[in-house]
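Student: Starting from the given sequences, assemble the full structure and let the hints guide the process.
Heads up: the protein sequence lines correspond to chains A and B, in order.
Counting with my numbering, you get residues 1 to 157 for the letters of the first sequence.
Counting with my numbering, you get residues 1 to 785 for the letters of the second sequence.
These aren't lab readings, by the way, just hints derived from the structure by calculation.
Relax, there's no trap hidden among the hints.
Chain A regions said to be covered by chain B (calculated; three or more residues, Cβ under 8 Å): (1) 18–25; (2) 32–42; (3) 89–96.
Yeah, the Cβ is synthetic: ideal placement off N, Cα and C, and Gly gets one too.
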Amino acid sequence: MKFPISVTLNGRRYQREVEPRQLLVHLIRDLGGVTGTKIGCDTSQCGACTVLLDGVAVKSCTALSVQVDGASITTIEGLAVDGQLHPLQEAFWNKHGLQCGYCTPGMILAAHELLRTNPQPSDEQIRHGLEGNMCRCTGYQNIVRAVREAAAMRRKG
Amino acid sequence: MSTRVFGSGIRRREDPRLITGAATYTDDYTLPGMVHMVLLRSPHAHARIKRIDISRAKAAPGVVAAFTGSDIEGALNPMPCAWLVPNSNLKVAPYPCIAKDVVRYVGDIVAAVVAETPYQAADALDLITVDYQPLPAVIDPEKAKQPGAPQIHSGVENNVAFHWTVTGGDVDGAFKKADVIIKERIVQQRLIPNAMEPRSTLAHWSGASGELTLWNTTQNPHIARFLCSVVTGVPEDKLRVIATEVGGGFGSKIPAYPADFITVFCAKKLNRPVKWTESRRENFQGTTHGRDHVQDVELAATKDGKVLGVKATSYSGMGAYLSTAAPGIPTILHGLMLSGPYDIAAIKEDVYGIYSNGTPVEAYRGAGRPEATFILERMIDKLAAKLRMDPVDVRMKNFIPKFENGHTVPTGLSYDSGDYAGALKKLVEHVGYKDLRRQQAEDRKKGRYLGVGVSTYVEICGLGPSQVAGAVGFQGGLWESAIVRFHPTGKVNVFIGANPHGQGEETTFAQIVADEVGVDVNDVKIVHGDTQTTPMGWGTYGSRTTAVGGAALVMATRKIKEKAKVIAAHLLEAAVEDMDYKDGKFFVKGSPDKAKTIQDIALMANVAWNMPAGVEAGLEASSFYDPPNFTYPFGAHLAVVELDPETGQIDVRRYVAVDDCGPQINPVIVEGQVHGGVVQGIGQALWEGAVYDENGQLLTGSMLDYALPRADRLPDMEVLSTVTPSPHHPIGVKGIGEAGTIASTAAVYNAVIDALSPFGVETIRMPVTPERAFNAIQEAKAGRR
Ligand code: FES
Ligand code: FES
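Tutor: Here it is as C-alpha cells:
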C-alpha cells in the first residue's frame, strides 16, 4: 500500500505516493535528482544523511517519508542562495574542513543546527554539537575551525 | 623554479562541488532501466552449504533474477591475489566470487538477487533458504596455526598461507653480546577501516558492442579494470572504470571485490544496468579489515641503552581469503622496516600469514608500517623503563645520524634522506619536554595521572620502483603517469593515472603545474578517476600519489617547457640556446620585455600556422615516471594522556606532531592529512578493534558497536614540520598520507603505559578501553599485595 504525500524540497513542491516503510533519505535522493544527502550507515550513527526538516536538523535515515507530509526540507543543495555560498560552506572551504567530502553535507547541516541553537559556541561546544556526525578523513580539527569561522562571520554580520 | 604557489595553503579546487552536494559518488548515479542488486551473505563463520533454494526469491515481486555459486561457475574466474610474495611458500586458496560449497567467514557471499527497487531486492533476500552445516571456526591467527585448529582450506596445512623471513646482520651475535634483553608480546588488533562512503558498483553492459562501463568505489581504477578483466573476461579495451568521486578508502578500496564482479555478471546476464551498494553492516563484514597481528618481539641492548638487535615472530591474520595485496603488507611493507629510524645492526623477523575465519584483511592506512613502528617504539620505551633512562634519550642515542643521500639498513633498503634527531629535537623543544616531565611528577603527587608518550618513525612510501615491485612479487608496476595538455586558450588539462579521493591533488597538482610552466593555478584542471580519459597508473595508496604521480607530472611539464622554448625561439627568430624562461615567459636572454608567454605558445602550437621545421603541432606531453627509489618520510610525535584511575577513563590532553615529508606543496593540505592520520591511529590505541566471538561472529559489526573516533573525544593537535628533501625526487617531495597513523598509535599507547606505570601496569591490550585500564590497575594492585 502506498500513501500520498506532498513535500517541499529546497523550495520546490513534490507530490509522491510512498511506501510507509520508505526512509526519508531514500525519498530525498529519489526526488528531483538531488543526491547531495549521503547515506553512511544503517544505525543512525554517522550523520551523513542530516537534512533540515522545517528548519531543524534531523538524520533523514531515521525518519519515514510518510512522516514528513506537508513539511519543508532543506538539503545541502538548498543552502546556497542564488549561487551565494552559505557562510558555513564558505568556512568549510576556507578552513579545509573536508577531504573526501562524503560526510560534508551532513556535517554542514549539523553545524547549521548547532549555530541555530547556539550562535557563538566554544570549541568544546562545537565538538559536542558534532559528536553525532562521523568524519573518517579530517580528524575533526578543521571542521571545528570551520564552524568557529562561520560563527565569527555571523558575528561580523 | 619559481615559487609562486608551491608552498602556499590555497583553498582546495575540488571543494566547491563537495560543499554544495553537486559531487557524484558511485551510488549517486542512476541509469535508465537500472536494477538493484543485493547480496545474501553467510551468517556463519565456517559452514558447509548443504542446500540452497532461491526459487521463492525469484518469484517475489519486482525480482528480475537471482543467482548462486553454481550460476557463476565458468562465468566468473576466482578472485586473484596480486601480491605473490616470493620465497614464502605462498598458498593462494581458491576464492570464488560466490561461495558454493563452503562459507569461510561471516559475510562470505552465497547468493545475489536483482530487483527493480532496492526494497524489493531486500525483501526477496529473506525468501532464500540455505541449509548450513556449521563447522568449527577460528579467528585468532596464532590459534589458527595450532595443530588441531579448524582447517579452512584443504591443502593449506595449519592454515599457513605463507611463511616469510627477513634477516639482516648477525642476530645471534647481537643477542649473545646483549646486557639486556627485552621481551614483549604485542597484539596489533584487527581494525575496520570504515571509509564514510560504503562501497558501491554500477555496471553498464552494452551487449551489442561488448563494452562494459563500471562505476566503482576504487582508489585505483586502472587496477580495478585490470582485475575486472581477469575475473569477468571483458577485454580491457572494452572496459571503462569510472571512480571520479570516492568517499575515502584508507586501503579498503584498493582491492578488487567479488561483489563488483557479481554486479558485472548480473548486468551481462540481464542486459540492464545493475547497481549494488553495500549497507554499513555489510561494509563491516564484507569490506576488508586491517592489521591483525600477534607478535612476539625481543630486543637486545647494552646497559647504556644502545640497541643491538631486534627479532620478532609475527602471526598475521589474512582472514578467510587472500585479498588483492594482503600478503605484501606484513612482509615487504612491515618486516623490511623493522629497524625504523634507528641504527640497529641485526634484524630478524619470521612472519606467518595465517588464514582464519575472519573477513579478508588488506591495507589499512599505513599498512605494515604502523605495525613496525609500534613494535620498535614499544620496545624502546620498555628498554628505557628497564634501564631507568628517559625514552627521549634512548631514542637520541640510537638514531641513524643525519644523512642527505642514501643510508642502507640491515634489511637491505636504502633510505633516501633523514634527520631523525632533528625532528625529535624540534618536538621536545616545542613541548618543553623537561618542564612537561616536571609537571607530570608534581601532578602525580596530587593524584593526577598524566602519561607522556613519544614515538619516532620513518616510513617507506612513494611505492615504488617497478623493478623492485616485480622482485617482491607485486603483480603490477608501481610507476605513475601524467598527460599535460594545453588548449588553444592557454588553459591546461592534466590527466593522471592515480586517483585521489580526499587527499587534494586536484589542488596540489595544479600548484605544481602552475609553478613549472607559469600558468595561473585556476587555469589548470586535473582529471582523474576515469580509465577512458586518463593514462594507465597504479593508483592512490601507500602515500604515493604525490611522490610518484607528482614526479610524473613534473617531468611532463618540463617536456612542455622544452617544446615551448623551441617554438618561442622560432617566433622570436632566435637560437634555442639563447632563450631564457621566467614565470611563464620565454625571451631572448637579456631582453625580457620582448617575450612570448606560454599562452601565446599554446595558441600557436594548437593552430600551428608558424611552427619551427620538424616540430609537431600541439602542446601536450606525457610522462611515465618510474621512481629510482622509495621515499622515506619521518617524524616524531608526542601525546599527553590523562588517566582517571577510578574509572579507567583515558583522555588525550595534548598531541604534537613533527613530520618531515620534504617540501610541502600545500601546507594546509599536509596538516589536514596529519590530523586525519593521527586520529585514526589514536582510534587504534584507545577505541577501535574488531571483536569476534568464539564462533566467529563479528560482535563489532555496526557503528553502534565499533567505536570510531568522534569530535568530542579529541584535543586540538599541534602540527609542526621539518623539511628534508628527497634527493631522488624531481621536486624533493616524499608523501604525507599515512604518517599520522604510523606515529600516533605508538605515541598514545606509550603515553597510556606511562600513565599506568605508577600502578605497576607494564602492558595492556589495545584498544585501551576504560574497562581494560581499570582491570589492569586492579590486577596490578592485587598482584603486588
Ligand atoms: S545514514 Fe543516517 S545517520 Fe548514518
Ligand atoms: S571528509 Fe571524508 S569523511 Fe569527512
